[in-house]
Amino acid sequence: MFTHRDLQELRDTSLKMQGWIRKQTFSPQMEKTLRRFSSWEVSELILKVNQSTFRGRLATDPSLPDGEVEEDGRQRWFSLDEINEMRRRMKVNRKPMTPHRPAGKRAIRVAVANFKGGAGKSTVALHFAHAAALDGYRVLCVDFDPQATLSHSMGLSDVNEEHTVWGIMARDLVRETERMNRAAQGAESGTALPRRKLPASITDMGLGDLRATDFIKPTCWPTIDLVPSCANAAFVEFASAQYRHMNPDWSFFAAVSRWLDQLPDDAYDMIIFDCPPAIGYQSMNAVFAADVLYIPSGPGYWEYDSTTSFIGQLAEALEDLSAGFEGHFPAGKMPLPKAFLDIRFLLTRYEPGNDLHRAMYDAFKKVFGDRVTANPIEHTRAVEQSGRFLASIYEIDYRDMTRETWRRARTTFDKAYEEFRGHVCAAWDRLEERA
Numbered sequence: 001m002f003t004h005r006d007l008q009e010l011r012d013t014s015l016k017m018q019g020w021i022r023k024q025t026f027s028p029q030m031e032k033t034l035r036r037f038s039s040w041e042v043s044e045l046i047l048k049v050n051q052s053t054f055r056g057r058l059a060t061d062p063s064l065p066d067g068e069v070e071e072d073g074r075q076r077w078f079s080l081d082e083i084n085e086m087r088r089r090m091k092v093n094r095k096p097m098t099p100h101r102p103a104g105k106r107a108i109r110v111a112v113a114n115f116k117g118g119a120g121k122s123t124v125a126l127h128f129a130h131a132a133a134l135d136g137y138r139v140l141c142v143d144f145d146p147q148a149t150l151s152h153s154m155g156l157s158d159v160n161e162e163h164t165v166w167g168i169m170a171r172d173l174v175r176e177t178e179r180m181n182r183a184a185q186g187a188e189s190g191t192a193l194p195r196r197k198l199p200a201s202i203t204d205m206g207l208g209d210l211r212a213t214d215f216i217k218p219t220c221w222p223t224i225d226l227v228p229s230c231a232n233a234a235f236v237e238f239a240s241a242q243y244r245h246m247n248p249d250w251s252f253f254a255a256v257s258r259w260l261d262q263l264p265d266d267a268y269d270m271i272i273f274d275c276p277p278a279i280g281y282q283s284m285n286a287v288f289a290a291d292v293l294y295i296p297s298g299p300g301y302w303e304y305d306s307t308t309s310f311i312g313q314l315a316e317a318l319e320d321l322s323a324g325f326e327g328h329f330p331a332g333k334m335p336l337p338k339a340f341l342d343i344r345f346l347l348t349r350y351e352p353g354n355d356l357h358r359a360m361y362d363a364f365k366k367v368f369g370d371r372v373t374a375n376p377i378e379h380t381r382a383v384e385q386s387g388r389f390l391a392s393i394y395e396i397d398y399r400d401m402t403r404e405t406w407r408r409a410r411t412t413f414d415k416a417y418e419e420f421r422g423h424v425c426a427a428w429d430r431l432e433e434r435a
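Okay, so the sequence shown: first residue is 1 according to the working numbering, each after it adds one.
Keep in mind that the hints were calculated from the coordinates and are not lab data. Incorrect hints may have been included.
[Unchecked claim] Derived BS3-like pairs: lysine-lysine, alpha-carbon spacing no greater than 25 Å straight-line:
| # | residue 1 | residue 2 |
| --- | --- | --- |
| 1 | K48 | K91 |
| 2 | K105 | K95 |
| 3 | K48 | K95 |
[To be verified] The following label-pair restraints were derived from C-beta to C-beta distances:
| # | residue 1 | residue 2 | range |
| --- | --- | --- | --- |
| 4 | C425 | T213 | 35 to 45 Å |
| 5 | R407 | R55 | 13 to 23 Å |
| 6 | G300 | G206 | 45 to 55 Å |
| 7 | M205 | A231 | 13 to 23 Å |
| 8 | G300 | Q242 | 36 to 46 Å |
All figures in this text were calculated on a predicted structure; none of them were measured in a lab. Every residue, glycine too, gets a C-beta built ideally from N, C-alpha and C.
Using the sequences and the hints given, assemble the complete structure.
So this is what it looks like as structure tokens:
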């Protein structure tokens with residue numbers, strides 16, 4: 001017979017192993033650090049300029065960052081801060097090297113979501129965030145998944161559940177309830193409406209007094225911040241059901257959207273959500289806050305079947321929310337029914353030489369048409385190794401494997417990201433400015 005105590009003991013044993021793995025993977029201080037990038041990577045893969053042109057610019061302008069030189073003196077290595085300084089100050093053919101950002105608009109929000117575990121949601125979110133940062137964008141990632149794979153890959157493991165999405169939702173419940181009670185007292189009829197009451201177990205936590213930025217943590221990437229998750233945040237689904245009972249008029253699905261609206265429009269460029277493999281309170285907050293929906297799927301039939309179920313159940317959930325709250329949605333910046341600027345399907349773990357994978361890719365395109373991205377993410381040895389190192393391919397030093405193996409993995413993510421950036425920027429241009 002096994003009880004919760006046995007599960008706790010197994011968990012504690014596993015946590016010790018996790019600590020050992022992090023010690024082998026991260027710095028001696030148990031902190032993840034971002035490597036430097038070689039002049040070859042900076043010129044050809046990041047800034048996309050000829051190596052000789054790049055070296056010439058550095059030679060003619062001694063005020064530009066000069067990086068660090070290898071012991072043998074053959075290669076210079078630059079930090080991301082130094083790369084961004086060069087990006088701001090250098091021009092190619094008189095054109096600036098800063099990335100596209102529509103003037104006067106808030107950050108574009110992208111949810112990476114699907115039912116099936118193992119579809120590559122966290123891998124896609126991690127790599128797109130890192131690729132965007134190397135592209136010059138400021139990125140905020142929000143980890144909605146209690147498995148916290150994205151948070152651990154970003155180097156955050158010691159996380160208080162009050163500073164996760166659960167904390168954001170509980171804070172929103174307190175603030176929205178207070179707003180509704182104030183509105184009830186000021187009714188035009190002069191009659192005080194019934195007040196909604198929350199238990200002290202919620203109001204006394206002090207979450208309602210937290211600033212919007214208190215939930216945001218820095219990462220080892222200077223231009224990527226994170227709202228982390230943790231295993232303890234799994235109870236958000238149970239807690240949210242209780243919260244709705246306490247205040248049935250609380251539009252729970254808009255909590256994260258309201259929180260994001262409190263951030264300055266120019267604080268970030270892209271906001272990327274890593275969603276749990278289920279439709280629940282957390283995932284509905286993610287898709288409701290998102291402008292663009294990116295749906296990764298493996299190349300097998302059952303994954304295609306799961307993807308079909310996901311979009312069907314998501315459609316029903318969004319329809320129910322629209323019908324249930326239409327007419328009294330709070331002073332919002334997000335109208336009902338919910339509308340996305342774009343929806344895309346991305347195949348992951350794809351093997352071009354596999355007949356079944358090619359057939360399923362064709363099936364996806366026949367069903368979903370041009371919503372299927374043209375560049376699936378291929379399955380490579382380097383991608384497998386990146387999972388072992390708790391890192392993206394962009395964080396792995398190409399000298400740790402053959403350059404061809406590293407380059408092949410980087411190329412598949414580069415192509416997928418470039419297509420992602422094109423879709424996102426096109427949606428961004430269509431995003432309405434704030435009133």
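Verification of the supplied hints:
no., hint, verdict
1, K48 with K91, "holds, 12 Å"
2, K105 with K95, "holds, 22 Å"
3, K48 with K95, "holds, 13 Å"
4, C425 with T213: 35 to 45 Å, "violated, 26 Å"
5, R407 with R55: 13 to 23 Å, "holds, 21 Å"
6, G300 with G206: 45 to 55 Å, "holds, 47 Å"
7, M205 with A231: 13 to 23 Å, "holds, 19 Å"
8, G300 with Q242: 36 to 46 Å, "holds, 38 Å"
The structure does not agree with numbered hint 4 stated previously, though it agrees with all others.
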